[in-house]
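Each chain, letter by letter, is given below.
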Amino acid sequence: MNWLQLVFYFAVGIMVVGCIIKAIRIAKMPLHVRWELYPIPHEKGKEHYGGSYFEEINWWTKPRQIALGSELAEMGREILAIQSLYRNNRKLWYFSFPFHFGLYLLTATIILLVVGAILQALGIEISGVSESLLGKLVYGLTILTGVAGWVLGAIGAFGLFLSRIFRKELRKFSVRADYFNLLLLLAVFVTGYFSWLVADSSLGHLRSFAGSLILLEAASPLPAITQVHLILVAVFFAYLPFTHMTHFIGKYFTYHNVRWEDQPNIKGSKIEAEVIKALGYKLTWAAPHIGQNKTWAEAASETGGPARKEDAK
Amino acid sequence: MSDNRDITPKDMNSPVEQLVELDPAGFIPLPPPYDKLELEPKIKKLTAEQSSKYECGLDGVSAVLLPKPKDENEKRQLVEKFLSGLAKLFSKENNWTFLQPLLLTVEYCARCQTCSQACPIFQQSGEVEIYRPTFRAQILRQLYKRYVKQGGRFLSRLSGDYIEASWEMIARLVELSYRCTLCRRCAQTCPIGADNGLVTHELRKIFSQEMGIAPKQVHELGTVQHLDKGSSTGMTPVAFRDNIEFMEDEIREKTGMDFKWPIDKEGAELLLIHNAGELLAWPENPEAFAIILEAAGISYTLSSDLLGYDGVNYGVWYDDVQFSRVAIKHAQVAKKLGVKKIVIGECGHSHKAMTVVADRVFAGDLNIPRESSLTLLRDIVLSGKLKLDPQRNADIHVTLHDPCNVVRLMGIVEPQREILRAICPNFKEMTPHGVYNYCCGGGSGFAIMPNSNFPDWRHSVAGRAKLKQVLDVFQDIIGPEHKKYVCAPCSNCKGQIRELFAAYGVFEKCNILYGGLVELIVNAMTDIKEPFLAWEWH
Numbered sequence: 001m002n003w004l005q006l007v008f009y010f011a012v013g014i015m016v017v018g019c020i021i022k023a024i025r026i027a028k029m030p031l032h033v034r035w036e037l038y039p040i041p042h043e044k045g046k047e048h049y050g051g052s053y054f055e056e057i058n059w060w061t062k063p064r065q066i067a068l069g070s071e072l073a074e075m076g077r078e079i080l081a082i083q084s085l086y087r088n089n090r091k092l093w094y095f096s097f098p099f100h101f102g103l104y105l106l107t108a109t110i111i112l113l114v115v116g117a118i119l120q121a122l123g124i125e126i127s128g129v130s131e132s133l134l135g136k137l138v139y140g141l142t143i144l145t146g147v148a149g150w151v152l153g154a155i156g157a158f159g160l161f162l163s164r165i166f167r168k169e170l171r172k173f174s175v176r177a178d179y180f181n182l183l184l185l186l187a188v189f190v191t192g193y194f195s196w197l198v199a200d201s202s203l204g205h206l207r208s209f210a211g212s213l214i215l216l217e218a219a220s221p222l223p224a225i226t227q228v229h230l231i232l233v234a235v236f237f238a239y240l241p242f243t244h245m246t247h248f249i250g251k252y253f254t255y256h257n258v259r260w261e262d263q264p265n266i267k268g269s270k271i272e273a274e275v276i277k278a279l280g281y282k283l284t285w286a287a288p289h290i291g292q293n294k295t296w297a298e299a300a301s302e303t304g305g306p307a308r309k310e311d312a313k
Numbered sequence: 314m315s316d317n318r319d320i321t322p323k324d325m326n327s328p329v330e331q332l333v334e335l336d337p338a339g340f341i342p343l344p345p346p347y348d349k350l351e352l353e354p355k356i357k358k359l360t361a362e363q364s365s366k367y368e369c370g371l372d373g374v375s376a377v378l379l380p381k382p383k384d385e386n387e388k389r390q391l392v393e394k395f396l397s398g399l400a401k402l403f404s405k406e407n408n409w410t411f412l413q414p415l416l417l418t419v420e421y422c423a424r425c426q427t428c429s430q431a432c433p434i435f436q437q438s439g440e441v442e443i444y445r446p447t448f449r450a451q452i453l454r455q456l457y458k459r460y461v462k463q464g465g466r467f468l469s470r471l472s473g474d475y476i477e478a479s480w481e482m483i484a485r486l487v488e489l490s491y492r493c494t495l496c497r498r499c500a501q502t503c504p505i506g507a508d509n510g511l512v513t514h515e516l517r518k519i520f521s522q523e524m525g526i527a528p529k530q531v532h533e534l535g536t537v538q539h540l541d542k543g544s545s546t547g548m549t550p551v552a553f554r555d556n557i558e559f560m561e562d563e564i565r566e567k568t569g570m571d572f573k574w575p576i577d578k579e580g581a582e583l584l585l586i587h588n589a590g591e592l593l594a595w596p597e598n599p600e601a602f603a604i605i606l607e608a609a610g611i612s613y614t615l616s617s618d619l620l621g622y623d624g625v626n627y628g629v630w631y632d633d634v635q636f637s638r639v640a641i642k643h644a645q646v647a648k649k650l651g652v653k654k655i656v657i658g659e660c661g662h663s664h665k666a667m668t669v670v671a672d673r674v675f676a677g678d679l680n681i682p683r684e685s686s687l688t689l690l691r692d693i694v695l696s697g698k699l700k701l702d703p704q705r706n707a708d709i710h711v712t713l714h715d716p717c718n719v720v721r722l723m724g725i726v727e728p729q730r731e732i733l734r735a736i737c738p739n740f741k742e743m744t745p746h747g748v749y750n751y752c753c754g755g756g757s758g759f760a761i762m763p764n765s766n767f768p769d770w771r772h773s774v775a776g777r778a779k780l781k782q783v784l785d786v787f788q789d790i791i792g793p794e795h796k797k798y799v800c801a802p803c804s805n806c807k808g809q810i811r812e813l814f815a816a817y818g819v820f821e822k823c824n825i826l827y828g829g830l831v832e833l834i835v836n837a838m839t840d841i842k843e844p845f846l847a848w849e850w851h
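Protein sequences appear in the order of chains A and B. Just so we're aligned: the first sequence equals residues 1 to 313 in the working numbering. Just so we're aligned: the second sequence equals residues 314 to 851 in the working numbering.
Everything labelled a hint here was simulated from the structure, so no lab data went into it. Keep in mind it's a predicted model, so treat the numbers as computed, not measured. Incorrect hints may have been included.
[Said to hold, decoys possible] Residues from chain B shown here face chain A by an in silico Cβ test under 8 Å; the list is partial:
id, residue
1, 356
2, 359
3, 410
4, 425
5, 472
6, 505
7, 688
8, 689
9, 727
[As the list claims (entries may be wrong)] Straight-line C-alpha distance at most 30 Å; calculated DSBU-like pairs for lysine-lysine:
id, chain 1, residue 1, chain 2, residue 2
10, A, 28, B, 405
11, A, 267, A, 44
12, B, 401, B, 462
13, B, 401, B, 567
14, B, 401, A, 270
15, B, 567, A, 22
16, B, 698, A, 44
17, B, 573, B, 649
18, A, 267, B, 573
[Stated by the list, open to error] Some chain B residues flagged as far from chain A (calculated, every beta-carbon gap over 10 Å):
id, residue
19, 358
20, 478
21, 612
22, 816
Just so you know, even glycine gets a beta-carbon here, dropped at the ideal spot from N, CA and C.
Turn these sequences into a full structure, and let the hints steer you where they fit.
Laid out in structure tokens, this is it:
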């Protein structure tokens, strides 16, 4: 096992564990009050205009109608095409879309490299002249997704980098880390592309490296440019969980736990149990009207001011 | 003072006296007859006394009337207090109510500025930088990273993602947290799902819950008075009954019905809660409700119990504890009466507060179902229980204002439209409308905040998008010879529209009146001989 393999195990380990920890931390936050925002795509029959079950009289007596298909379609449009950016910020979408789509394609490339390596280990040749149709297909798709991913990603990253520099409203709100993140990814895309162009036209080197990682075998020697690319990929993997680039995790929660979260609190439900638990938390806010040493339930059942009983009736 | 478009969040620490000078020439122009700058109402300068007494270093406007600290020591203590509140905002125990949405926004906003295009205040002001939705969010994020997040002191310096907290910054932030109406149009466009409107809400909570800072009308005369006297209008149960008697007389007079309001009727099907402001400013609205419910034979009651006759909950704008207190009192009133549900009158924030947000404050037998009056009214109108003749509304051109709380934040979009289509032959939608509407400019407490020159700002900046929409939709009939009506089924929105229209003289110049939805329904009822809708300004 060589040093690059070790670096990769380490980097992938940090990425996976880091992302899982992040997701768990968000998921384990206490129940919050409802704060949804319409339109919500799962409101069956009402999703096209932003309606909700509140439009029905005695809504709590009627079965909830969930349009799962609409929600999945909306998610698909949002994830694959970044629909909200397309609609509301087209100038940025022209770079953001290729950037993100490039990343999706490269994720597919990694999967195809791993699949290719496994097939190779099973004796199936992965090449353009392979006798196996699957071998040919995996070979072709790996190159297609890889090259398209590097090119689109590079165009997007470079465009976003320039946008952050030249568009005043972006520059003003950008910090060092924003530029660094884009440059790091740009370097990943560019070195990936050049590694393919000058040293690895079949992506055989990357495939053999992927194989060495999953089959715990010694890695074959790699061209210098490919090594540089892989080091950058490893740096990106290890760095990712510590940045806001994990917004692919955050976005799941912002949509499903906040924006589209319209689950009513029914008597005896899990939500009600969580509400009761939260009302038991002790608050320490210091303003005089809050009161000291109280749980939420205690504070909420007070008036926080002098009672004027003579006016009560 | 810098150029309004060049200011950065770090400038909030600047020692200059005033960060931004507002210039109406930079605002987005209005359509005729307000297309000349000289017709633009002025934003008054604060008096020398006001400026010396209160913090106004943001934009020369004072919404909160925050007293200036006496000395450096007091300033330091206030900054420390703010930072202690900031830490509590990110703790589970103190902020379980919003911790998850807040942290997601703070951590994941990509600062792509997509939301800026959606914000009516930022846009209509001519893109004055401090009003940009990400401006406040950037400050909160960088303060969080610098002062609260574990290891943040070092890491935030490394990434450049930090800002220092001075009293100048905090004082400006207090005012800035009252330059956003919480309409959450920004959040609707966010590709990541971050919510910069929520940031405003959370900042207000630090000020109120930790530092005891909030506009007097929202806190002292708002929730505190509500909990104490029974209504944020100051109306006591005794005064409520007096008002009711007076309005009963009016109903008898207007309809010839022998009418008696059901008050505190135990076992009634539903408890109807109005915004008590209606009783004082627009009594025709609760009266119209009474006429409709009576004619439709609905079993309901009003309550004369403390808080039972005022459905507002100002807490939803600035303070979770005050919010919970008011919400629980409302539920207790309904529980005592033994009603099957609470129905909320034409009050937007009361809708959202009671139905949506309080849904996770109630437990056990306090969790009494709540619903909008709009759905009940829709069912009544479409059921044929009322004798309605749309021609009685035919001489009025009607447009519909969508209260953000009812529509974007609750998804009640169609019932009010179904009613208007049934009873108003000349109903026309504004652009945009429904869940993509523009706020009236009076949301999140603005409509009830009359301090110093804040109303001027509210009219010229916060309400500008709505005024423009209204003028646009009626542009081909803008002359005073045509009767025009903005139907706004929300007391708060009506309050803002009343003052917005008054500031520009919209009724006099264009003959555009505003009012609720139920008034139009009763106006179409053939059993009522005289037109219910009095075509007069109030």
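Worksheet item: Can you name, in rising order, the numbers of the hints this structure does not satisfy?
Response: 1, 2, 13, 15, 18
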